[in-house]
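Asker: All letters in the sequence shown, in the order written, are residues 534 to 792 by the numbering used here.
To be clear, the hints were calculated from the coordinates, so they are not data collected in a lab. Each residue gets a CB set at the ideal place from its N, CA and C atoms; glycine is no exception. Be aware that a few hints might be false.
To be verified - What follows is a list of derived Cβ distance ranges for each label pair:
| id | residue 1 | residue 2 | range |
| --- | --- | --- | --- |
| 1 | Ala756 | Lys734 | 40 to 46 Å |
| 2 | Lys613 | Gly704 | 41 to 47 Å |
| 3 | Ser597 | Gly652 | 46 to 52 Å |
| 4 | Asp693 | Ala756 | 29 to 35 Å |
| 5 | Ala657 | Asp739 | 17 to 23 Å |
| 6 | Met696 | Ser722 | 17 to 23 Å |
| 7 | Thr611 | Lys692 | 16 to 22 Å |
| 8 | Gly659 | Lys590 | 44 to 50 Å |
To be verified - Straight-line C-alpha distance at most 27 Å; calculated DSSO-like pairs for lysine-lysine:
| id | residue 1 | residue 2 |
| --- | --- | --- |
| 9 | Lys752 | Lys595 |
| 10 | Lys734 | Lys678 |
| 11 | Lys692 | Lys734 |
| 12 | Lys775 | Lys723 |
| 13 | Lys663 | Lys683 |
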Amino acid sequence: MKYKALCLGMGLLCSFSSFAENALRYGVEAEYPPFESRNASGELEGFDIELGNAVCKAAQLKCSWVETSFDALIPGLTAKKFDAINSAMNITEQRRKSIDFTQPIYRIPSQLVGKSGDGMEATAEGLKGKTIGVLQGSIQETYAKEHWEKHGVTVVSYKDQNMAWGDLLNGRIDASLVMSAAGQAGFLSKPQGKGFGFIGKPVSDDTILGSGIGFGLRKGDEATKKQLDAAIDKIRADGTIKTLAEKYFPGIDVSVSAQ
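Let the sequences and hints guide you as you build the complete structure.
Answerer: Next up, the structure:
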C-alpha cells in the first residue's frame with residue numbers, strides 16, 4: 534500500500550515507515566480485555582492483537598497500532614488516521630452506512646453481567662427501574678437503548694469498559710451489557726468479580742448486534758479489503774483463528790460463515 538503524508542496538520546507523529554509500501558495501521562481501543570489491552574510492561578496484547586499480527590504476516594504487511602477511544606474509531610478511520618479498525622467491532626448495517634468491512638472473522642454473544650441471585654432478567658420488564666452500563670459507541674449501547682431504555686431502564690454509557698466495572702462494584706449501576714468473553718475475562722474471572730455472574734441468556738437482535746466481527750475499512754477501499762480477506766481466508770484455513778479462540782475464549786463457539 535502506498536500512503537501520502539496525510540498526517541500533516543492532524544497532530545500525529547509520523548514516520549516514513551507509516552506510509553511505506555506494504556504497511557498497515559490498525560486503529561484500536563486498548564481497554565477491552567481479552568480482545569485488546571496493555572500488559573504490565575505496557576505492551577498491547579489480546580485476541581485482536583494476535584489476530585491482527587497473524588493477518589499481517591499472512592498478507593506480508595508491516596503492522597502498527599494507533600490507539601483511540603471506541604467511539605472515535607470510525608471518525609479516525611474516515612479521517613485516515615489509520616487504515617483498518619481492529620477492535621472487536623461488529624459488522625452492522627448502521628455502521629455500513631459510514632464504512633466498509635472485511636468478511637466476518639469471528640462472533641461473540643452479548644450478555645448482561647450483574648450480581649448473582651438478585652432476581653434480574655435480561656429483558657425490559659426484568660430490568661425496569663434498573664441502571665445498565667454500556668461501552669459508548671458499541672452495539673451493546675444501541676441494543677440497550679432500543680430494547681430497554683424506552684421501557685423504564687436507565688442506560689449509562691462509558692468511554693471504556695473498566696469505568697463500567699468500577700461503577701458496578703460501587704453500586705452506581707446494576708449491571709453491564711458486554712460481549713460475553715469481555716465479561717468473563719475482564720471482570721468475572723478476577724477477584725473483584727466474586728459474587729457477580731451472567732444474567733440470563735445472550736441477547737439477540739441480528740439487525741443491531743450484527744453478523745460477526747471484522748476489520749473496518751474506509752468506503753471504497755477495495756484493494757485493502759481484497760488483501761485482508763485473502764489473509765483472513767488463509768489463517769482460517771490453517772487453524773490460526775480457532776487456536777486463538779481456544780486460547781482467549783475457551784468454551785465459546787466463535788465461528789461464522791465466511792462471506
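Asker: Could you run down the list of hints and mark each one as holding or not?
Answerer: Structure-based check of each hint:
Between Ala756 and Lys734, the C-beta spacing of about 41 Å keeps the proposed range 40 to 46 Å intact. Against the hinted window of 41 to 47 Å, the Cβ-Cβ separation of Lys613 and Gly704 comes to about 43 Å, which satisfies the hint. Here the CB-CB span from Ser597 to Gly652 is close to 48 Å, well matched to the stated 46 to 52 Å. With their beta carbons about 33 Å apart, Asp693 and Ala756 fall inside the hinted range of 29 to 35 Å.
A hinted range of 17 to 23 Å holds for the C-beta pair Ala657 and Asp739, which are about 18 Å apart. Between Met696 and Ser722 the Cβ separation comes to about 19 Å, which falls inside the hinted range of 17 to 23 Å. At about 20 Å, the CB distance of Thr611 to Lys692 agrees with the hint of 16 to 22 Å. Between Gly659 and Lys590 the Cβ separation comes to about 46 Å, which falls inside the hinted range of 44 to 50 Å.
Between the alpha carbons of Lys752 and Lys595 the distance comes to roughly 22 Å, so the proposed pair stays at or under 27 Å and holds. In summary, the hint linking Lys734 to Lys678 is supported, as the alpha carbons are separated by about 18 Å, within the 27 Å threshold. For the proposed pair Lys692 and Lys734, the alpha carbon gap of about 25 Å is at most 27 Å, so the pair holds. Distance restraint check for Lys775 and Lys723: the Cα-Cα separation of roughly 25 Å lies within the 27 Å cut-off, and the hinted pair is therefore satisfied.
About 13 Å separates the Cα atoms of Lys663 and Lys683, which keeps this hinted pair within 27 Å; it holds.
In terms of the numbered hints stated before, the structure departs from none.
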